[in-house]
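**Q** Residue numbers (the numbering used here), protein chains in the order written: chain A, 283 to 588; chain B, 1350 to 1598.
It is possible that part of the hints are untrue.
Simulated DEER-style distance windows between Cβ atoms [claimed, not checked]:
1) B:Gln1587 / A:Pro369: 49 to 55 Å
2) B:Ala1480 / A:Ala355: 21 to 27 Å
3) B:Arg1590 / A:Arg446: 43 to 49 Å
4) A:Asp305 / B:Arg1590: 30 to 36 Å
5) A:Ala454 / B:Phe1522: 39 to 45 Å
Cut-off 20 Å, straight-line C-alpha distance, at most; resulting in silico cross-link-like pairs (SDA-like, lysine to any residue) [unchecked claim]:
6) A:Lys415 / B:Arg1429
7) A:Lys415 / A:Glu429
8) A:Lys415 / A:Gly457
9) B:Lys1391 / B:Ala1562
10) A:Lys415 / B:Pro1533
11) A:Lys415 / B:Met1380
12) A:Lys415 / B:Ser1430
13) A:Lys415 / B:Thr1485
14) A:Lys415 / B:Thr1427
15) A:Lys415 / B:Trp1433
16) A:Lys415 / A:Arg446
17) A:Lys415 / A:Thr372
18) A:Lys415 / A:Leu469
19) B:Lys1391 / B:Met1380
20) A:Lys415 / A:Gly459
Simulated from the structure, these hints should not be mistaken for lab results.
Don't be surprised by glycine CBs; every beta carbon is placed ideally from N, CA and C.
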Amino acid sequence: MAAVEFSAVTKRFGPVRAVDGIDLSIGEGEVVALLGPNGAGKSTSISLMLGLRRPTSGTVRVLGGDPAAAVGAGRVGAMLQTGGLPPGVTARELVAFTAGLYPRPMRVDEALQQAGCEAFASQPVDRLSGGQKQRVRFAMAIVGQPELLFLDEPTVGFDVETRRHFWDSVRAAAGQGRTVLFCTHYLDEADAEADRIVVIQAGRVVADGSGSAIKAQVAGRALQVTVEGPDVAARLAALPGVVGVERSGSRATLRCTDSDAAVRALVASGIAWSDLEVAGGDLEHAFLALTGADGAAAAQAQEVRA
Amino acid sequence: MNGVGGFLGLEIRRTLRSVPYLLFTVGFPLMFYLLFTSMFGKGTSGAGVSYSAYLMVSMVAYGALGAALNANGVRLATERSSGWSRQLRVTPLGPSAYITVKALTAILVTLPSFVVVGLAAHFAHGVDLSAGQWLTLAACVVLGSIPFAVLGVLLGYVFDWSAGQAGTQIVYFGLALLGGLWIPARFMPQALQGIAHWMPSYYFADLGWRVIARQAIPAADLGILAAYTLGFLILAAQRYRSAEAREYI
């Protein structure tokens, strides 16, 4: 049984197609990142998975059934992007109340400790900082011991230290066999924390795989060389295995699908070059290519899909 | 059901800790009670009831009205905009349990104003009722505040969070004033008196005025309050459904 199953799902808001035909299957125990720029349809997809919204067409199944039923049965925990906390209660009271809603909660203290809330558990939540509130919301998401955990942009506004601590907690939760699905627009976060990255752009899945698979799909490696002359960039771009060239002064970066072929061709090309370096393509380039930061890259993304 | 009880407890605790709640719905009625009784002295209103007892009922009604309306008039809109109601939607607490607990909270938090003003009336002005009268009065406060709890839910879906505060206060003071809670209806000009006799707040207070006068509660009072409850329920359900459709479909 898949934890989450989208079949030909679309969601329209008036003329806007927020989700424009997504097929997706997430297995139990997977840690998956939904990556995409703002407005790509990530949060709408999460809303559909949580039964907060209904698809215009297609079907969404969560843990083998209707999303709202899975939520109602306490099998799902979620941290939403705009999950304000009510004033006038302490963190502990909120987590204890949430625990009471689920059939098999963990101990409240355990949830507070796992989320790193012990230090401020007895303070009214309206006096907490943004990062502390976020941790309280994480404690609320895990206290019911859900099978499936949704985190919508969970670390926005976190400093580096807090982020690291937060992901330690998520990994601990995932380690217990839980399926974790999170949205982010931090590439490094998706790369570091997820087993699988689903890149969403304009309501469609444009890439799906591990971080390294996606990097390889778009541009396996990057070559850097020092070159001279005005027309050299075009000649470099024409080399076999090269999919893109960026020029910064005399330094050119070649994005490659096959860096070995590109190097051989470069040597044979008669272009005057020096200081060759080879580096792994980074996810940021892959992401920009996939989400269409420029026309060429968008076309490339289409190739990747095909 | 365990969770629903926990939610009710949480909501009541939150309300009792709120400074505006304590000030407007417990503090003000007490203050006005002491002020009005010192102004009107020890006279008696109609039906041989002392002003100190009559005003006690008026001010309990005033406080209870505020508690019932404010519990949700402002809060529901605020919780929609802050995302808290959305966060609750992704827990096993269903949307109908959410609204039911909100309305129940509004009804129950009317009791502190009754207790405080009642104690002041008893100890400061010697208002002496039988145990049965006190209990009947408490029941009238709780049951009579049902239409206002529903009205609060309605207002919470009519106003957005920025207008909720002002909008709810206008409805609150309008109902208090026009219902004769501050100035008894029979001292009002003819036209206003006519309006007072259409106000649910008037019939809410009238339940209590009948109890202290040892009169039977007229069926018409209950009928009018029930009709208002039904009307507010229908409107609240409409607004709720359109808000749901906007936010969750």
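**Q** Starting from the hint list further up, note which numbers the structure goes against and sort them upward.
**A** 1, 2, 5, 7, 8, 10, 11, 13, 18, 20
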